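J.: Here is what each chain is made of, one letter per residue.
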Amino acid sequence: MVRVMRSDLAEHVAHLRLVDHHVHGAFTVDLDRAEFETHLNEGSPGPVPDWMTQFDSQLGFAIRRFGAPVLDLPAHAPADEYLARRTELGGRAVTERFLRAAGVSEWLVDTGYAADSILDVDGMAAASDGRAHPVVRLESLAEELAAEGVAGQDYADEFGARLEHATRDAVGVKSILAYRAGFDIDLSPPAPHAVADASRRWVDGIEHAPGGPRLVDPVLMRHGLHAAVQLGLPIQIHTGFGDRDLDLHRANPIHLLDFLRTPDVARVPIVLLHCYPYHREAGYLAQAFENVHFDVGLAINHVGVRSTQVVAESLELAPFAKQLYSSDAWGPPELHHLGAVLWRRAMTSVVGRWVEDGDWAADDALRVVDMIGRANALRVYGLG
Amino acid sequence: MVRVMRSDLAEHVAHLRLVDHHVHGAFTVDLDRAEFETHLNEGSPGPVPDWMTQFDSQLGFAIRRFGAPVLDLPAHAPADEYLARRTELGGRAVTERFLRAAGVSEWLVDTGYAADSILDVDGMAAASDGRAHPVVRLESLAEELAAEGVAGQDYADEFGARLEHATRDAVGVKSILAYRAGFDIDLSPPAPHAVADASRRWVDGIEHAPGGPRLVDPVLMRHGLHAAVQLGLPIQIHTGFGDRDLDLHRANPIHLLDFLRTPDVARVPIVLLHCYPYHREAGYLAQAFENVHFDVGLAINHVGVRSTQVVAESLELAPFAKQLYSSDAWGPPELHHLGAVLWRRAMTSVVGRWVEDGDWAADDALRVVDMIGRANALRVYGLG
Amino acid sequence: MVRVMRSDLAEHVAHLRLVDHHVHGAFTVDLDRAEFETHLNEGSPGPVPDWMTQFDSQLGFAIRRFGAPVLDLPAHAPADEYLARRTELGGRAVTERFLRAAGVSEWLVDTGYAADSILDVDGMAAASDGRAHPVVRLESLAEELAAEGVAGQDYADEFGARLEHATRDAVGVKSILAYRAGFDIDLSPPAPHAVADASRRWVDGIEHAPGGPRLVDPVLMRHGLHAAVQLGLPIQIHTGFGDRDLDLHRANPIHLLDFLRTPDVARVPIVLLHCYPYHREAGYLAQAFENVHFDVGLAINHVGVRSTQVVAESLELAPFAKQLYSSDAWGPPELHHLGAVLWRRAMTSVVGRWVEDGDWAADDALRVVDMIGRANALRVYGLG
Numbered sequence: 001m002v003r004v005m006r007s008d009l010a011e012h013v014a015h016l017r018l019v020d021h022h023v024h025g026a027f028t029v030d031l032d033r034a035e036f037e038t039h040l041n042e043g044s045p046g047p048v049p050d051w052m053t054q055f056d057s058q059l060g061f062a063i064r065r066f067g068a069p070v071l072d073l074p075a076h077a078p079a080d081e082y083l084a085r086r087t088e089l090g091g092r093a094v095t096e097r098f099l100r101a102a103g104v105s106e107w108l109v110d111t112g113y114a115a116d117s118i119l120d121v122d123g124m125a126a127a128s129d130g131r132a133h134p135v136v137r138l139e140s141l142a143e144e145l146a147a148e149g150v151a152g153q154d155y156a157d158e159f160g161a162r163l164e165h166a167t168r169d170a171v172g173v174k175s176i177l178a179y180r181a182g183f184d185i186d187l188s189p190p191a192p193h194a195v196a197d198a199s200r201r202w203v204d205g206i207e208h209a210p211g212g213p214r215l216v217d218p219v220l221m222r223h224g225l226h227a228a229v230q231l232g233l234p235i236q237i238h239t240g241f242g243d244r245d246l247d248l249h250r251a252n253p254i255h256l257l258d259f260l261r262t263p264d265v266a267r268v269p270i271v272l273l274h275c276y277p278y279h280r281e282a283g284y285l286a287q288a289f290e291n292v293h294f295d296v297g298l299a300i301n302h303v304g305v306r307s308t309q310v311v312a313e314s315l316e317l318a319p320f321a322k323q324l325y326s327s328d329a330w331g332p333p334e335l336h337h338l339g340a341v342l343w344r345r346a347m348t349s350v351v352g353r354w355v356e357d358g359d360w361a362a363d364d365a366l367r368v369v370d371m372i373g374r375a376n377a378l379r380v381y382g383l384g
Numbered sequence: 001m002v003r004v005m006r007s008d009l010a011e012h013v014a015h016l017r018l019v020d021h022h023v024h025g026a027f028t029v030d031l032d033r034a035e036f037e038t039h040l041n042e043g044s045p046g047p048v049p050d051w052m053t054q055f056d057s058q059l060g061f062a063i064r065r066f067g068a069p070v071l072d073l074p075a076h077a078p079a080d081e082y083l084a085r086r087t088e089l090g091g092r093a094v095t096e097r098f099l100r101a102a103g104v105s106e107w108l109v110d111t112g113y114a115a116d117s118i119l120d121v122d123g124m125a126a127a128s129d130g131r132a133h134p135v136v137r138l139e140s141l142a143e144e145l146a147a148e149g150v151a152g153q154d155y156a157d158e159f160g161a162r163l164e165h166a167t168r169d170a171v172g173v174k175s176i177l178a179y180r181a182g183f184d185i186d187l188s189p190p191a192p193h194a195v196a197d198a199s200r201r202w203v204d205g206i207e208h209a210p211g212g213p214r215l216v217d218p219v220l221m222r223h224g225l226h227a228a229v230q231l232g233l234p235i236q237i238h239t240g241f242g243d244r245d246l247d248l249h250r251a252n253p254i255h256l257l258d259f260l261r262t263p264d265v266a267r268v269p270i271v272l273l274h275c276y277p278y279h280r281e282a283g284y285l286a287q288a289f290e291n292v293h294f295d296v297g298l299a300i301n302h303v304g305v306r307s308t309q310v311v312a313e314s315l316e317l318a319p320f321a322k323q324l325y326s327s328d329a330w331g332p333p334e335l336h337h338l339g340a341v342l343w344r345r346a347m348t349s350v351v352g353r354w355v356e357d358g359d360w361a362a363d364d365a366l367r368v369v370d371m372i373g374r375a376n377a378l379r380v381y382g383l384g
Numbered sequence: 001m002v003r004v005m006r007s008d009l010a011e012h013v014a015h016l017r018l019v020d021h022h023v024h025g026a027f028t029v030d031l032d033r034a035e036f037e038t039h040l041n042e043g044s045p046g047p048v049p050d051w052m053t054q055f056d057s058q059l060g061f062a063i064r065r066f067g068a069p070v071l072d073l074p075a076h077a078p079a080d081e082y083l084a085r086r087t088e089l090g091g092r093a094v095t096e097r098f099l100r101a102a103g104v105s106e107w108l109v110d111t112g113y114a115a116d117s118i119l120d121v122d123g124m125a126a127a128s129d130g131r132a133h134p135v136v137r138l139e140s141l142a143e144e145l146a147a148e149g150v151a152g153q154d155y156a157d158e159f160g161a162r163l164e165h166a167t168r169d170a171v172g173v174k175s176i177l178a179y180r181a182g183f184d185i186d187l188s189p190p191a192p193h194a195v196a197d198a199s200r201r202w203v204d205g206i207e208h209a210p211g212g213p214r215l216v217d218p219v220l221m222r223h224g225l226h227a228a229v230q231l232g233l234p235i236q237i238h239t240g241f242g243d244r245d246l247d248l249h250r251a252n253p254i255h256l257l258d259f260l261r262t263p264d265v266a267r268v269p270i271v272l273l274h275c276y277p278y279h280r281e282a283g284y285l286a287q288a289f290e291n292v293h294f295d296v297g298l299a300i301n302h303v304g305v306r307s308t309q310v311v312a313e314s315l316e317l318a319p320f321a322k323q324l325y326s327s328d329a330w331g332p333p334e335l336h337h338l339g340a341v342l343w344r345r346a347m348t349s350v351v352g353r354w355v356e357d358g359d360w361a362a363d364d365a366l367r368v369v370d371m372i373g374r375a376n377a378l379r380v381y382g383l384g
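Protein chains in written order, with UniProt numbering: chain A, 1 to 384; chain B, 1 to 384; chain C, 1 to 384.
Hint data in this document are derived by calculation from the structure and do not stem from the laboratory. The model shown is predicted, which means the values in this text are computed figures rather than measured ones. The beta carbon of each residue, even a glycine, is placed where N, CA and C say it ideally should be. It cannot be assumed that every hint is accurate.
Unchecked claim - Beta-carbon label-pair distances, calculated as ranges:
1. C/ASP72 to A/GLU35: 55 to 61 Å
2. C/ALA114 to A/ALA191: 41 to 47 Å
3. B/ARG379 to C/TYR113: 49 to 55 Å
4. A/ALA266 to B/VAL29: 39 to 45 Å
5. C/ASP363 to A/ALA266: 38 to 44 Å
Said to hold, decoys possible - Facing chain A, from chain B, some residues (calculated, C-beta under 8 Å):
6. THR38
7. HIS39
8. ASN41
9. GLN54
10. SER57
11. GLN58
12. HIS226
13. PHE241
14. ARG244
15. ARG306
Using the sequences provided together with the hints, build the complete structure.
T.: Given below as structure tokens:
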């Protein structure tokens with residue numbers, strides 16, 4: 001009887017069409033083992049030292065467990081066999097297999113990072129046979145302006161105009177303030193003259209910046225964030241772990257408290273991304289502020305089998321209407337697939353156990369799974 | 001055989017008369033759905049947005065699971081049926097049912113917050129058919145003085161006299177420093193002239209304070225805390241999560257380290273309340289300082305079925321003599337009941353598993369349950 | 001079938017000869033109950049208050065569970081019987097029993113703390129019938145110099161020479177910067193004149209220092225750390241919980257980020273010790289930096305049966321090549337044994353479950369156990 005409930009839930013979760021509300025493009029190119037391994041490590045730019053393999057990690061084990069069958073290999077196929085099969089099928093075919101196997105109907109695609117080497121929004125839709133919607137990265141927009149020399153009094157107007165234009169087809173914006181400044185700074189709207197001055201200083205210094213302008217000025221980041229607040233679209237904010245450029249403790253979303261207390265900010269949906277290992281703090285914010293949502297994307301993939309526990313920890317303080325699913329995949333399409341697999345597996349296991357124990361009603365469980373996997377994102381981003 | 005041990009433990013835990021060492025009064029009024037939902041969210045003042053219901057949370061599910069049978073409804077009754085039955089029975093009857101079903105023999109009642117709308121200490125005793133003891137909130141006492149215009153040289157003497165008087169029948173005092181200043185400030189005893197000056201500044205500004213005086217001056221909060229230290233009664237300190245006025249990271253009890261290292265402070269029992277999500281830090285403090293105790297109240301209710309995990313995490317570094325049970329319930333009597341239910345459920349599950357696995361002896365398990373649920377509080381507060 | 005896999009794994013883990021890569025000497029003296037209990041509390045210097053016993057803790061229960069059978073007593077023997085049996089056998093015999101029962105082939109011994117009362121490196125080898133290797137504590141070396149009055153321009157040269165000499169037979173060095181300054185300070189290499197000045201100030205003040213010189217000057221601690229970096233041996237850094245001298249939050253390894261980003265530092269293995277409750281942050285650093293490793297020693301013992309959960313949490317972000325086993329035992333040889341028992345128990349339970357569930361391949365599980373319990377330490381420290 002109880003087992004019947006668990007298998008009903010498993011069946012339901014397995015067939016739920018997810019919204020992956022924060023993701024990047026997938027590679028379509030072939031990857032050799034060294035390249036592939038580098039992309040299995042979020043924290044380090046690589047290369048992986050020769051005395052170890054990045055396959056010996058929760059993520060590596062999870063790809064061999066859940067990715068191998070998508071390529072017609074047995075679960076846990078050795079890394080070399082796995083990569084040989086990948087090459088045999090070719091990058092494009094591999095990508096289509098993984099994206100379609102993910103069971104995702106909508107991809108919300110942040111195109112702001114290393115967009116040359118990965119599928120764009122339309123490419124994601126085509127390769128996955130799903131729908132894809134752009135999310136505009138605020139810092140990339142600012143860097144575009146700086147590259148064109150827009151500065152001084154013109155900066156704020158032009159930023160506003162570009163943002164308005166760029167978001168006509170977008171469903172939200174994203175900020176990577178966590179990487180460039182951290183959250184433990186003044187996050188109030190800067191004065192117009194401060195923005196003008198900061199943009200002038202930035203543009204004046206650009207000729208010395210190899211690789212193009214890179215926004216690190218807190219004044220301009222604050223300006224971008226508050227310009228987005230005025231726009232009213234959902235704002236995704238990277239929080240928690242990422243690569244080692246980031247001061248992890250300064251990316252704890254709890255440092256956003258003063259920002260979130262700002263009346264203007266309270267009027268737009270804020271979505272805290274990733275959050276690990278500060279997902280309990282994120283859950284607190286999602287309870288305390290009506291407009292705050294969060295996910296545990298990225299972490300789900302990187303902790304592999306332990307995603308069950310991380311998902312369980314995310315189901316504490318926050319109301320269920322405030323939680324979303326994302327993979328935060330970038331590059332290897334295994335990641336786009338794995339996020340969905342691990343999330344389904346975790347929800348089935350965690351929530352299924354509560355139903356078995358009589359703590360949750362079975363129909364509540366189905367409803368919460370639908371909310372977090374799909375309905376909340378449709379509501380927040382005004383989709384469907 | 002093993003199953004016998006588990007059911008013995010369950011039986012024992014179910015019948016243990018708890019001491020709820022930190023609680024507030026219960027409502028006796030009827031509540032409509034909007035009011036009820038607002039009280040299910042600790043972090044936000046409400047109202048709950050119309051695109052969601054606060055019943056869709058761990059706390060909401062837990063009330064439907066464990067509260068509904070107390071009102072003669074099936075477990076998991078829908079929210080509307082639940083509230084209709086509540087109205088049918090009437091607020092007073094509902095409150096008596098829940099308070100009596102909690103199996104609590106002693107309530108230690110903080111009367112310092114919104115005391116008009118809830119049962120007072122005697123009311124709690126009567127409605128629950130148990131005993132109730134007051135806990136004096138230090139900041140409320142200071143606000144009383146300020147409202148009467150007591151300031152300058154008189155402030156410290158008068159505060160001391162009032163504290164002495166107010167605690168004649170009290171079993172302890174409580175501080176909400178976490179809400180008003182955070183712990184990452186100088187917490188040493190202030191100089192007498194600084195107290196006199198601060199109280200004068202406060203009283204001089206009161207006419208401009210709508211809603212009466214509100215203590216936020218760190219000097220006067222430090223003064224109150226050290227006046228309580230001199231008194232020698234147990235001091236409860238709110239730490240960890242609460243409503244969004246509070247800077248959660250600055251309410252991490254680890255910031256109390258310097259305060260706890262003060263020789264005078266080492267002589268009085270300090271009880272860290274709630275602590276989530278910093279209960280591991282609290283456990284460390286309870287190991288490191290002979291006089292430090294802690295609980296995971298409030299969190300137990302708000303994380304619902306996940307309280308098993310939070311209770312398990314609280315059973316790590318701290319000696320078992322340093323842990324206490326509380327609900328931190330305020331308002332809906334469901335919360336006074338649920339804290340007890342979830343704590344019993346968590347201890348039975350967590351400790352029962354350890355007994356089954358042979359990691360703990362069965363009689364040790366019974367003993368630890370009695371300590372945390374009852375005996376430690378009786379010792380700390382000098383009861384019975 | 002699945003059960004066969006679990007018992008195979010259990011068998012394998014039980015027989016694995018561990019490398020305890022961070023440990024101190026064991027007592028060989030007899031201990032009365034008060035002394036013994038004091039050594040069961042890492043955080044407090046004691047004595048244990050008379051209204052409690054430190055045996056009522058996870059560590060105390062674990063010693064009665066797993067230590068008693070080593071002394072021919074039934075599991076969970078009462079504390080008094082346990083201590084009587086200890087006395088009957090005598091301290092030396094007890095120590096040999098525990099050290100040999102630990103199944104450790106190599107002990108990496110930090111001799112820097114209270115070395116008079118415990119076995120030295122050779123003593124550990126003899127008593128355990130294993131091999132033992134010294135680890136040099138940087139702060140102790142500095143204190144040696146100061147006690148001899150070495151200061152000024154000579155300090156850096158002499159420190160370098162002593163370090164070079166002391167590490168001829170050592171496999172690594174260790175820093176307790178966490179205790180003496182915390183990590184949230186400038187950790188760059190200090191200028192030579194600053195070192196000379198700081199050492200002069202220190203030595204000038206020593207006559208007033210009871211108990212000999214104690215290094216607390218951040219300049220000299222930074223100097224020691226960077227001298228060790230130049231040497232190239234693995235550097236162990238105490239992080240996370242310890243006794244109450246330590247500001248726990250300032251010992252969060254995440255504050256080492258800037259230090260770890262230093263190019264010179266990236267060339268030597270860094271091993272973060274203990275880390276609890278910040279082991280997730282440590283896992284992040286071990287993913288993000290090729291040279292960073294970590295363990296959850298000390299915590300394993302102190303959280304007893306909960307070590308299963310702590311070990312599971314340590315198996316998240318970090319590649320498996322970056323994790324090590326240690327007990328961090330000091331004093332009672334029960335601790336040297338218990339660390340190994342609890343680690344084996346946790347790995348068998350956690351990883352065994354993953355194998356049973358089909359999430360990990362059985363041979364991967366065996367391989368990871370071998371890496372963390374032994375092979376990684378052999379590689380990092382260049383042992384056999």
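J.: Taking the hints in turn, state whether each one holds.
T.: Cross-check of the supplied hints:
no., hint, verdict
1, C/ASP72 to A/GLU35: 55 to 61 Å, "holds (58 Å)"
2, C/ALA114 to A/ALA191: 41 to 47 Å, "violated (59 Å)"
3, B/ARG379 to C/TYR113: 49 to 55 Å, "violated (34 Å)"
4, A/ALA266 to B/VAL29: 39 to 45 Å, "violated (30 Å)"
5, C/ASP363 to A/ALA266: 38 to 44 Å, "violated (54 Å)"
6, THR38, "violated (12 Å)"
7, HIS39, "violated (13 Å)"
8, ASN41, "holds (6 Å)"
9, GLN54, "holds (6 Å)"
10, SER57, "holds (4 Å)"
11, GLN58, "holds (6 Å)"
12, HIS226, "violated (28 Å)"
13, PHE241, "holds (5 Å)"
14, ARG244, "holds (4 Å)"
15, ARG306, "holds (5 Å)"
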